[in-house]
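The task is simple: from the sequences and hints, build the whole structure.
Those sequence lines, one after another, are chains A and B.
What the first sequence shows, in the working numbering, is residues 199 to 393, in sequence order.
What the second sequence shows, in the working numbering, is residues 199 to 393, in sequence order.
Errors might be hidden in some of the hints.
Which copy is meant is left open, so a pair is good if it fits within one copy or across any two.
Capping the alpha-carbon separation at 27 Å, the derived lysine-lysine pairs in DSS-like fashion look like this [as the list claims (entries may be wrong)]:
no.	residue 1	residue 2
1	Lys211	Lys393
2	Lys304	Lys274
3	Lys352	Lys393
4	Lys265	Lys351
5	Lys393	Lys303
6	Lys351	Lys393
None of these hints come from the bench; they were simulated from the model.
Number of protein chains: 2
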Amino acid sequence: MFDLIKTRRSTRKFKDAPVPDDLVEQVVEAGRYAPSGGNVQSTHFIVIQNPQVLQDIAEQVKQEFAKMDISEAANKSIANSITVSKTGNYVFHYGCPVLIITANKKGYGNNIADCSCALENMMLMANALDLGSVWVNQLRWLKENPVLIEAMKKLGMEEGERVYGALALGYPDTPDGKPVREITPRIGYKVDYIK
Amino acid sequence: MFDLIKTRRSTRKFKDAPVPDDLVEQVVEAGRYAPSGGNVQSTHFIVIQNPQVLQDIAEQVKQEFAKMDISEAANKSIANSITVSKTGNYVFHYGCPVLIITANKKGYGNNIADCSCALENMMLMANALDLGSVWVNQLRWLKENPVLIEAMKKLGMEEGERVYGALALGYPDTPDGKPVREITPRIGYKVDYIK
Numbered sequence: 199m200f201d202l203i204k205t206r207r208s209t210r211k212f213k214d215a216p217v218p219d220d221l222v223e224q225v226v227e228a229g230r231y232a233p234s235g236g237n238v239q240s241t242h243f244i245v246i247q248n249p250q251v252l253q254d255i256a257e258q259v260k261q262e263f264a265k266m267d268i269s270e271a272a273n274k275s276i277a278n279s280i281t282v283s284k285t286g287n288y289v290f291h292y293g294c295p296v297l298i299i300t301a302n303k304k305g306y307g308n309n310i311a312d313c314s315c316a317l318e319n320m321m322l323m324a325n326a327l328d329l330g331s332v333w334v335n336q337l338r339w340l341k342e343n344p345v346l347i348e349a350m351k352k353l354g355m356e357e358g359e360r361v362y363g364a365l366a367l368g369y370p371d372t373p374d375g376k377p378v379r380e381i382t383p384r385i386g387y388k389v390d391y392i393k
Numbered sequence: 199m200f201d202l203i204k205t206r207r208s209t210r211k212f213k214d215a216p217v218p219d220d221l222v223e224q225v226v227e228a229g230r231y232a233p234s235g236g237n238v239q240s241t242h243f244i245v246i247q248n249p250q251v252l253q254d255i256a257e258q259v260k261q262e263f264a265k266m267d268i269s270e271a272a273n274k275s276i277a278n279s280i281t282v283s284k285t286g287n288y289v290f291h292y293g294c295p296v297l298i299i300t301a302n303k304k305g306y307g308n309n310i311a312d313c314s315c316a317l318e319n320m321m322l323m324a325n326a327l328d329l330g331s332v333w334v335n336q337l338r339w340l341k342e343n344p345v346l347i348e349a350m351k352k353l354g355m356e357e358g359e360r361v362y363g364a365l366a367l368g369y370p371d372t373p374d375g376k377p378v379r380e381i382t383p384r385i386g387y388k389v390d391y392i393k
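Structure (structure tokens):
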């Protein structure tokens, strides 16, 4: 367990190869076994494997960011998304063959927390299956954007739901096809023990 | 991996026995290997193993909830915390021997998400080590409460940090001392596949 946790790293380069359905389902199943506040189980998984739909979403995200001004960026990552989108070359999901969007109820206090636990489970499960994955936040940043809300609704998002995170999933584009598993230092976290 | 994910369940009854430091550290270490937005690693783990400190926090949480009116409750769980606190019998952390508080920067967009991924890793690691754990949200609900902010600062929380979740950890109070691992149905989650 600890090895799989320690060797989980973000994959941002995917092979142009589909992931078999049974592997995708195992990853989603891991997400479904995450805990939820009061066991409400309200996380909604929208799993996109259709290449055209994936391309369309990337295009819409790019267009919406390109319309924004850098002054609207709430953080550096959003600023970067805007800047790159304006150049016309922005694929927020890194061209992954599978995008797992986690939506949840807008007014629910644990919406981000529940989606995050599900995403973490899915990242670990992907690692266990030799798949690469990375959390992508762009659809969350644009969660109140009317164009993206419409796009998400067409994909099954319900009235009153919003996107709180997403996972790009696929075979890592590495020489051996396996995820990079170099263990990175954890120096930023602060830990205080009170004994 | 999948077994450990599927058999993770919340433990809400703990044995009155301390957890050895090396096990606590393994759980925290799993939390530290969670991903963070832009790899900022700003989650701050405050690990409380001191029985008196644990008792004091439970008391403060109870007192603050008892002062609140049920009309202030943003959800059913908070309403329950208020109601039970008013009876004088409320121990939000279930008398656990270890409480791991995850704090993060107030204005940081991924504060809840990063803490949640760390908490999920720690819950899975606890399960792998035959320890029981449960996410407790009360310190997050009270994160802007001046009394609790002061208490958290005394425990090391920094200026500009807030609590976004916590984990109660300990040996499960079960006949065999192991966590309950019955696999519960996952019926609430909705999954849409777009192929």
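>> Of the numbered hints stated earlier in the document, which are not met by this structure?
In response: none
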